[in-house]
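Number of protein chains: 2
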Amino acid sequence: MDMPGFNPVHALMLFALSIPGAWATTQASAPMSAEASDPGALQWMTGFPPSDDKLIGQPQSNYFSFPKLRWTVCHIRELLPTTQVSRGIGAPDPLPYAPDNGINSISFTPIGSDTPMGWQESLSANYTDGLLILHHDKIVYEYYNGCLNEAGKHAAMSMTKSLTGLLAEILVAEGKLDDQSKVATIVPELRDSAFGTATVRQVMDMTTALDYSENYADPEADIWQYSAAASPLPKPSDYSGPEGYFEYLQTVEQNGEHGDAFGYRTVNSDALGWIISRVSGKSVADLLSDRLWQPLGTEQDAYMTIDAKGTPFAGGGLSAGLRDLGRIGLLMLNKGQYKDQQLFPESVVNAIEAGGDKKAFAKAGYKTLPGGSYRGMWWIFHNANGAYAARGVHGQTIYIDPTANMVLVRFASFPNASNSKIDPTSLPAYQAVAEYLMKKD
Amino acid sequence: MDMPGFNPVHALMLFALSIPGAWATTQASAPMSAEASDPGALQWMTGFPPSDDKLIGQPQSNYFSFPKLRWTVCHIRELLPTTQVSRGIGAPDPLPYAPDNGINSISFTPIGSDTPMGWQESLSANYTDGLLILHHDKIVYEYYNGCLNEAGKHAAMSMTKSLTGLLAEILVAEGKLDDQSKVATIVPELRDSAFGTATVRQVMDMTTALDYSENYADPEADIWQYSAAASPLPKPSDYSGPEGYFEYLQTVEQNGEHGDAFGYRTVNSDALGWIISRVSGKSVADLLSDRLWQPLGTEQDAYMTIDAKGTPFAGGGLSAGLRDLGRIGLLMLNKGQYKDQQLFPESVVNAIEAGGDKKAFAKAGYKTLPGGSYRGMWWIFHNANGAYAARGVHGQTIYIDPTANMVLVRFASFPNASNSKIDPTSLPAYQAVAEYLMKKD
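Chains as they are written, first to last, in the UniProt record's numbering: chain A, 1 to 441; chain B, 1 to 441.
Just so you know, the hints here were simulated from the structure itself, not pulled from any lab data. Do not take every clue at face value.
Said to hold, decoys possible - So these bits of chain B aren't anywhere near chain A, every CB distance computed over 10 Å:
1. GLN43
2. GLY88
3. ASP260
What the hints assert, rightly or not - Keeping only pairs whose Cα atoms sit at most 20 Å apart, straight-line, the calculated EDC-like set for lysine to aspartate or glutamate is:
4. LYS54(B) to GLU247(A)
5. LYS235(A) to ASP222(B)
6. LYS235(B) to GLU247(A)
7. LYS54(A) to ASP53(B)
Please read these numbers as outputs of a predicted model, since none were measured by experiment. Using N, Cα and C, we set each Cβ at its ideal position, and we do this for glycine too.
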């Protein structure tokens, strides 16, 4: 499964550097091992004050390059302004435990390899910072490493998109958002942009046809202008580009026919964030709090990065606790039901599970995901188990397997952003766990 | 009681503007009323996106000027990088309620006035955002207005100092910090600064003799260099001054004899933050979490602003929930006891209640606080009730009256920073409430 190495948070953070070479450092053929690159072992930001060689700060220290990345993913709020996703002030609802040590003995064969790999070895191979497995609503496996612990928060990267998409699917199912409307009828400011003539559904499923490049190797790529516009830091005095996500989105031009092909572009998620905020009167951060964080008995507030106008980064700005994303995975698995409450219509999850337009998806040429699709900003595997996932660069995932009654959440800080490098030792491992758990049923 | 209108957060935020005039706007003789300046009524940051005239952002919009101030005090994290003061992930311990509506009928005579003022009128007169009164460990009064609600956080301003001081007093009482040591023996980096030859106690009680000006009207005042050094935002390319709190502190020079006179200077608090971090191996934010936020069953994480090296602003960077500061006030009132636990030695509070050097304090010339003192970064009134307080500009206070068994916490966004403008309608009100509650006992 080859997904683009897109990382808008990464871009956001690197924009001020204007050194595309920084990206290349994460492509090194032999990066430090997970153990050697552990942020504790490297003593990042230790000491009062940290010595210069242990310092990770704004932005000269290139904080999103590996191995600094392994510290940064737990400390985004210390580097950028953020807005809270409030859990409220009540007592959290603890998740029940039924630990299964057998998972540690699972082995599997990585994609493209002949040599079996053990479960525990895979954790290091993937620079795993946290891994939670829930089976029949109970935690059967929990693991923390690197910068993360049970009370910590980790960057969710593009998993943020799936939560933005979930909010939109909820509003659609509740009749508050018509997914067949043209975007311009909801957000008139987008009328003259590529989004104006697209339907909300095309934005939700990323089948918009955009003249937009996310090629990091190209200093002229649109992603860099996007990142500059999105920065919450004071702009250089000679900056004359768009200010914030919303102004930038108005500049995106069309290239092709909407609805024709899947094209993974983060700007869709931010356009969708605008749409659902306009419709609901609430920011994406407040919607996440109202619809998910507060009702689910989460343990920790989450937070989102914002632009200089306070707009949350709907395409990649979330940081959250591992177990809290587990709660959201469970809510998906249980089709919107939490305890005795139906938090949103079952049809929301049914629609995501059914998937998006496979033909449009096929045109995007994901060679390792034949027959897959993308719907409501979730990746649908269309495998035998009906699994689907939220995914983010550097190895983030919420992986939901309805057949195995399993939710798996992983935070990671893999040196390379691209999931295509991480999937070979991950997706077969998830399938092996699913099969192991199904045998126990 | 005339305390200097010092506001380091204010300064921190204004430094990039280099317009001392911005400060003057808060001195306007007839500012908008509390009702007219309500941030909801003014619709700050509403809309997707907010229109330019509703926008409060980095830093061109001068976000700490009144009336924007009334929004900003609840939204510091959206403007600056911050670090979490974690409450942990357990259930909060709810405070019991015994509401007393009689408080609303209290009246008092403001200092310098012949006309009685009612309690409710005083709330508006002081631009009160939140007010909590605890009597015998129960909430008897709770009030929210402006930007604040029960799940919100508000800038604590210089009340932060008192928590830094409390941490230091705890370490002293536990034998982990010798308050008679010279600072240079603990933080050798401060050896050549004014702090090097001062004792820890002199720093804790602000009787250091510093060549340091906090005169905002003077563009050459030290406070501006301090603020520039402390900014977590990328420095201008031509910046050559100190980087961060700790480097700045090393540049502060001595002027006079330590121990001779009280001098309220925020740099003392940040020097103390360095001292307790060096001694404990933990940042002030982590110490607050370990010693107060986690054991006290708080409802909300708090947070602190930081410099570009991740150092929390020990002199003014805290934002927290109203009830959580109430919990800390109760802990003081109960001399370190929380439920069946003694969280720190009783002697910590006894020492603060006993106060600091009155002679040294008198030399500072606080005309409205005759006989007062300052100890462990708390203000001691030495009044009949033995009251003492944490105080911050624009009207913040934790006011503890051991005789009345009362804790009062107030968050406010008074247009003028100086407490000397706020005390006339506040301190007599607090005394009136104390007397009212004592009559009930």
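So, going through the hints one by one against the coordinates:
1. Taking the minimum C-beta to C-beta distance to chain A, about 13 Å, the non-interface status of GLN43(B) holds against the 10 Å cut.
2. Separation of GLY88(B) from chain A is inadequate, the least Cβ-Cβ distance of about 6 Å not exceeding the 10 Å criterion.
3. Residue placement check: ASP260(B) keeps its beta carbon more than 10 Å from all beta carbons of chain A (closest about 29 Å).
4. Distance check on the hinted pair: LYS54(B) and GLU247(A) sit about 16 Å apart at the alpha-carbon level, within 20 Å; holds.
5. As the CA atoms of LYS235(A) and ASP222(B) are separated by approximately 27 Å, the hinted pair breaks the 20 Å bound.
6. Among the hinted pairs, LYS235(B) with GLU247(A) is inconsistent with the structure: their alpha-carbon atoms are about 26 Å apart, more than 20 Å.
7. Proximity of LYS54(A) to ASP53(B) is assessed by CA-CA distance (about 42 Å); at most 20 Å being required, the pair is judged violated.
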